[in-house]
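K.L.:
Now for the letters of each chain:
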Amino acid sequence: MSTARWASLGALTATGLAFALVVTGCSAPASDPKPSAGAAGGDLVIGVTSDPDTLFPWKATQFQAVNVLQNLYGTLTEFDEDLNVVPGLAESWDVSEDGLTLTFHLREGVTFADGSTFGSEDVKYSLDAIAAEATAAVARSSLASVTAVEATDENTVTLTLSAPDAALPANLAVINMAMLSSDDTEEGLNTTPNGTGPFILDDRKASQSITLAKNVDYWGDTALLDTVEFRVIPDESSIVSAMQSGNVQLAVFDDPLVAQTAEGANVEVATTPQLSYHALQLNATRGDLADVNVRLAMQCAIDRQEVLDTAALGEGEVTGPITSPAYKSDPDARPCPERDLDKAAEYLKKAGKEDGVTIKTIVSQGEYATSVNEAQNLKAQLADAKITLDLEVLESGAFVDRWIAADFDAAVALNGGRPDPDGMYGRYFTSTGNLNKVAGYSSPELDALFAEGRQTADPDKRKDIYAQVSENLEDNAAWIWLFTSYTYTATASTVDGFVPMVNGSLQYLRTTSIK
Amino acid sequence: MFRQLLRNSVLRRILAALGTLLGVAIFVFLMLRAIPGDQISSGLGTEAAALTPSQRAALESYYGLDQPLIVQFFSWLGNIFTGNLGFSSRAQTSVLDLTLAALPVTFELAIFSIVIALAIGIPLGMLSASKPDSFRDGVGQVVGLAGLSIPAFLLGTALLAILASSFGFNPNGQAYATLFEDPLLNLQQMLLPSIVLGFGIAAPIMRTTRTAVLEIRSNDFIRTARAKGVPPRRLQVRHVLGNALVPIVTMTGLQFGYLLGGAVVVEQIFSLPGIGRQVLLGIQQKEYALVQSTVLVIALAFVIVNLLTDLLYRVIDPRVRAA
Chain A
27 MSTARWASLG
37 ALTATGLAFA
47 LVVTGCSAPA
57 SDPKPSAGAA
67 GGDLVIGVTS
77 DPDTLFPWKA
87 TQFQAVNVLQ
97 NLYGTLTEFD
107 EDLNVVPGLA
117 ESWDVSEDGL
127 TLTFHLREGV
137 TFADGSTFGS
147 EDVKYSLDAI
157 AAEATAAVAR
167 SSLASVTAVE
177 ATDENTVTLT
187 LSAPDAALPA
197 NLAVINMAML
207 SSDDTEEGLN
217 TTPNGTGPFI
227 LDDRKASQSI
237 TLAKNVDYWG
247 DTALLDTVEF
257 RVIPDESSIV
267 SAMQSGNVQL
277 AVFDDPLVAQ
287 TAEGANVEVA
297 TTPQLSYHAL
307 QLNATRGDLA
317 DVNVRLAMQC
327 AIDRQEVLDT
337 AALGEGEVTG
347 PITSPAYKSD
357 PDARPCPERD
367 LDKAAEYLKK
377 AGKEDGVTIK
387 TIVSQGEYAT
397 SVNEAQNLKA
407 QLADAKITLD
417 LEVLESGAFV
427 DRWIAADFDA
437 AVALNGGRPD
447 PDGMYGRYFT
457 STGNLNKVAG
467 YSSPELDALF
477 AEGRQTADPD
487 KRKDIYAQVS
497 ENLEDNAAWI
507 WLFTSYTYTA
517 TASTVDGFVP
527 MVNGSLQYLR
537 TTSIK
Chain B
3 MFRQLLRNSV
13 LRRILAALGT
23 LLGVAIFVFL
33 MLRAIPGDQI
43 SSGLGTEAAA
53 LTPSQRAALE
63 SYYGLDQPLI
73 VQFFSWLGNI
83 FTGNLGFSSR
93 AQTSVLDLTL
103 AALPVTFELA
113 IFSIVIALAI
123 GIPLGMLSAS
133 KPDSFRDGVG
143 QVVGLAGLSI
153 PAFLLGTALL
163 AILASSFGFN
173 PNGQAYATLF
183 EDPLLNLQQM
193 LLPSIVLGFG
203 IAAPIMRTTR
213 TAVLEIRSND
223 FIRTARAKGV
233 PPRRLQVRHV
243 LGNALVPIVT
253 MTGLQFGYLL
263 GGAVVVEQIF
273 SLPGIGRQVL
283 LGIQQKEYAL
293 VQSTVLVIAL
303 AFVIVNLLTD
313 LLYRVIDPRV
323 RAA
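Protein chains in written order, with our numbering: chain A, 27 to 541; chain B, 3 to 325.
Source of the hints: derived by calculation from the structure; they are not laboratory data.
Please note: incorrect hints may appear among the correct ones.
Said to hold, decoys possible - Derived Cβ-Cβ restraints for the label pairs, each shown as a range:
no.	chain 1	residue 1	chain 2	residue 2	range
1	A	Gly378	B	Glu62	40 to 50 Å
2	B	Leu79	A	Glu213	20 to 30 Å
3	B	Ala179	A	Ala483	38 to 48 Å
4	B	Phe155	A	Ala483	37 to 47 Å
5	B	Ala36	A	Asn399	26 to 36 Å
6	B	Phe76	A	Pro351	51 to 61 Å
7	A	Glu213	B	Val117	42 to 52 Å
8	A	Glu213	B	Leu310	51 to 61 Å
9	A	Glu117	B	Leu302	55 to 65 Å
10	B	Phe76	A	Glu180	51 to 61 Å
11	A	Ser142	B	Phe76	41 to 51 Å
12	A	Thr173	B	Leu302	53 to 63 Å
13	A	Ser188	B	Glu62	28 to 38 Å
14	A	Ala296	B	Ser77	47 to 57 Å
Said to hold, decoys possible - A few chain A residues facing chain B, derived, Cβ under 10 Å:
no.	residue
15	Val164
16	Thr217
17	Asn220
18	Ala232
19	Ser422
Ideal Cβ positions, reconstructed from N, Cα and C, are used throughout, including at glycine.
Produce the complete structure using the sequences and hints provided.
P.N.:
Below, the structure is given as structure tokens:
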């Protein structure tokens, strides 16, 4: 008996020793917190959950890719922090009286990362290529009104339009409209970006990190930081840990719970409303939903604040269709700003559906955290109005397939927003829009309003037109707009000068420094 | 005669292994295509709805999706034999280079984890077996149960969060360093994930050890050895443990094989660029060639580990050699 005990005790001691060796041997040196000395400059590390899936700006839609590319490439126009359109590579632009000619005056002395000079030829090359179908550029439809691009002289580009397009300057400000050198190819740019942005690519380790260095030849104020590293830390709570240990100085979170754990002595969290919005998309071309009264009944049976509170812990704001600050819809300007079951019943009666309706609804799982909870809450609320949501929860790939094919009565969706309301909804709710099939609703009135908005350059008049668009969408319950979430930007207390933007852009890395 | 048989059995094993690998290749190929979505829709998301037919056609030909399935399969398989595992458009590198970078990470992690698992599991199993149903057996069993039932994502996240916030110790928050670039940092980065994985694997090893030791101890030759006056420690280690090794080696080999498949969760939490993450990213982005080739490499590793385990039997157990 005692023999066995001795043997095992010996073994246990050995285990303990091994452990002690491992722990003391490896944990002795503390991790370097990487504080960068110097007034300006320094090296910033941003924690991201994923690698960019492409470095080619015309095809980039993934959030992480857009964030990196925004700092490498330049666009003709840009947004300021309030999403107003401001000059970028084009110093100024004029619109002809009839609105059919748009002339861009390019900034002089701009160079690409490889040292070559940026000029009107590059603009012509870029815009022509984006418009060509074979390029498969994602922003192609934004150039639908452009019939010809001409390099008038070295620093002037003239665009001829088929119809006035007041949204064009804003549409040119996105990274999918990046100006590339006419000497570059997609294949080459996939590995070696060559842009006019405030940073240049320094180093890339696939699925580990991507490091940018400041572009000393940048046409604007040179970036303050020496380098910016996007470090891939796939798990959000591991990013929080890396911030707490000082390895990472900036990160952007969507999940309020994660953001809460990040907040601490050395980490500040800023909350920014998002342009993207949560909505219950209705397909007005199918079944019972073709009747506007059924759609209005659904609209009236939903307390949006309750959806927000249950599904997203109240972290967000109830919203109307348009989310960009300059054109924001009034969330109370809708048929039922408050939940009203009597009115819902009335609408159902008008539709001749007193006994209720059943709506097949698709929900994605895994794409974003709140989807299933939103769907459950909507289902519960609508059940009180005899409207049955028949939920089909799909893996995100399957959801996207069904969404693209418009194969649903209703869809619980989180859709991206854009600064300009024409860019945001024109493609959905005009009868010729390339997403109209998915939107499932259009009308001659909306077509006319969108056309008018495009022809109107005066900002106040445009605001008025898009207020009407918003009202029209709500009065017809084209979709049911629910709420917008927040973006949480966590920064170490050493980070100075970073401005989070409503569209999630990290363009202000160029004014950021480390104290 | 004996040598010939051995050679034949080895030959048979190799043929069986090749069959397995082909089966894996076909299975993964079909499963991947059964998942909804393709590289276009996973890259563009809902924006893919805005593609015109000819834009979509351009993208399909870019990703090679316009070919019939059978052509896709055989051109991929043919490339494998020439050493071309495919190209990752996300990483802009060949799958071979990606795999060669990821495999050592996973291999290193697997070795450390197994070492930790053995260092915990075997002594604990022997302790438990030394007096079945006693208090110390209970302790061993509870630790084993904890190892089995505490999920890695919980243990990993908790360890990381506590060490990072309370002690500022978070080697995994730094950029990953290979063993050759910075051995000290590399070992630190491997420490926590190995402990988490090792703790989980210690449980089955502990249980196997306990059962095997109990069984061997009831054999006559142990009683004889004790009667002959073999010193207790030598008896436990040489006679009991020595003979209990076969099931332990089997279990260890099996676990090691699984580890080579990549510990996805642990690699995610501790940001290790291993093979598990490579497969996961590939599946998320529907990079077919990447996933197919990587899974094939994993299957190959598994088969090799199994073969080696079998060979190891011959070393530790003369009876297998004779058979």
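K.L.:
Can you list which hints this structure breaks, lowest number first?
P.N.:
3, 4, 8 and 17
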